[in-house]
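The lines below spell out each chain.
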Amino acid sequence: MIATATIANPTIATMTSGLADLRKRAAERFEAHGFPTTREEEWRFTNVAPIAKTQFPTAAPNVNGHSLRTALERHPGLIEEYLGRYASSDNPFVALNTANFEDGAFLHVPANTVVEEPLWIDFTAAPDRTTHPRNLIIVGAGSQVRIVEKYTGRGRYFTNAVTEIVVGENSIVEHVKLEEESPEAFHVATTQIHQSRNSNCKSHNISLGGLLVRNDVNAVLSTGCEGTLNGLYLTNGKQHVDNHTALDHAAPHAASHELYKGILDGASSAVFNGKIFVRKDAQKTDAKQTNKNLVLSENCVINTKPELQILADDVRCTHGATIGQLDEEALFYLRARGIGGRDARDLLIYAFARDVIDRIGIPGIRAHLEKALFESLTHSRPSAGVPE
Amino acid sequence: MSKSPILEIKNLHATAGGKEILRGINLTVFPGEVHAIMGPNGSGKSTLAQVIAGRDLYAVTKGEVLYLGKDLLGLQPEERAQEGLFLAFQYPVEIPGVSNLYFLKAALNAIRKRKGESELDAMDFLSLVRQKMALMEMDEALLNRAVNAGFSGGEKKRNEIFQMAVLEPHLALLDETDSGLDIDALKIVAHGVNTLRSPDRAIVLITHYQRLLNYIVPDFVHVLAEGRIVRSGDKSLALALEESGYVGIEELAETAQ
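Protein sequences, first through last, are from chains A and B. Just so we're aligned, residue 18 is where the first sequence starts under the working numbering, counting upward by one. Just so we're aligned, residue 1126 is where the second sequence starts under the working numbering, counting upward by one.
Simulated from the structure, these hints should not be mistaken for laboratory data. Heads up, a few of these hints could be off.
Each computed DMTMM-like pair below joins lysine to aspartate or glutamate, with the alpha-carbon atoms no more than 25 Å apart [what the hints assert, rightly or not]:
no.	chain 1	residue 1	chain 2	residue 2
1	A	Lys388	B	Glu1367
2	B	Lys1230	A	Asp363
3	B	Lys1230	A	Asp360
4	B	Lys1238	A	Glu392
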């Protein structure tokens, strides 16, 4: 079941000359730059030295169907046209992935096609391996699809994923990334979304597992687009989860909505950095960004930062960030109605997270997350600060 | 006929942030009675209600509170509620993400569990809730909305009495439930409260205004000033206060020291 290749497979690199060139340039970029350090603004709060130190051999990812590698054999032209055109090697981990990926998922939804059932991409990492899953999702004009991308694994390992999503004109895409890595795992992922005119794309970025996690979710919006970037992160123990998002309003009349919520417990830490660019021509942009953090322990650290760069003059951009504890008034109100201290606390935490979960349009995922959340509440109970 | 009291407050002293707010409250409430506690702003009315409900912002420094003959102050707030104590909040709290229906079901089942009763099934619960909503003339759509979130002031107050009607407490404390209500809402709230009057239940109304007492006629009226009950009487005391205001009361509190 688990792929055990230990060296990069050269057959992919030689598949097309364009692709070989792309990989070579990416390798050069990574070599020139190396792993980022906390001296760089983009990586200020996330120290990737533990990842740089790992000596895990590289393995091909274990992907369930829709193999990019197989697709490369069949449709090299189509893939070369899109692959690596969106995710930028300015991010060293993207460069590392582009230079080294061996497989991943390839989904191509033809124009004017409604895919009723959600498409699942599952990655299960093997212990003591590095994998570079590379996913390419191309959605034709006027189509509609929901995609779930899930990461799990066992033991210590490093997953460095890149997903490029090309959203065709007037199409509707919903993408859920579920990071449920093992408690010792390193997980770095870039989701790069490119939206053509009048398209609507929703991204839900859920981080539940992993020891050291970094997500970059970037979306470029064309004229008349609607883009949604939502996220939920639950951290405990010594976990560190860093979410960097960038919404690029490249054209007029686009709306973006962003809601990231975090629940921090134990001695965990989290980062939220939300960039919104409004280009000079992007008049009538309507962008809203919200980051809310619920801090359950005194030993947590959260760094949250909005970064707005607005060059157009007729736009509406709002942003807000909050860091708070459980609302004592609400807790007392619940208790005064007979709902016991721990149940009251769990209910409030659950309610906080539901806001993000409820926005996911795939009922199975909502149920899955409700269960995962409930389990995480049960596990964190010994540290609960509420009297019996 | 001798009945035992539901609530006995004996020489209760309580502080908040080091400042003494309750300075020796004595009050006994028997089943079937309705008591009104009136008094000027800052006299300690809401503090009394919060202390009885178990809010930990206040420290009890002296005295005791017996509920159904047992020590109340040693119980957690949820235990007090499960034992049949209900506080209608002066400022009901908004809880986004928790539906009214779920909240009420959790509350009712916690109380039933304490009494050794099984949880109500969904159908029985819904029919109970519908009946009580009709009593309070509330829109059923409110059930699926988050607790108090986006409710108007009047809706919040009605929601408190609606909860009380569903939970059927032994002792209900209503903390300024009448404040800010228009006359129609006041009548609905009063009707809800009057429906709950029964020989084995007691109600303590905390209010700043006599107006409520035209609709819920109390058996006893107490005047609270500077942390003490300075006068007690029947409903005519409330009417007298309406005439004279709280001016003379402040002086009474002075002389009581």
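Status of the hints after comparison with the structure:
1. Only pairs whose Cα atoms come within 25 Å are accepted, and Lys388 of chain A paired with Glu1367 of chain B is rejected, the gap being roughly 57 Å.
2. The hinted pair formed by Lys1230 of chain B and Asp363 of chain A meets the criterion: a straight-line CA distance of about 16 Å does not exceed 25 Å.
3. Only pairs whose Cα atoms come within 25 Å are accepted, and Lys1230 of chain B paired with Asp360 of chain A is accepted, the gap being roughly 13 Å.
4. Between the alpha carbons of Lys1238 of chain B and Glu392 of chain A the distance comes to roughly 24 Å, so the proposed pair stays at or under 25 Å and holds.
Hint violations for this structure: number 1 only, all remaining hints satisfied.
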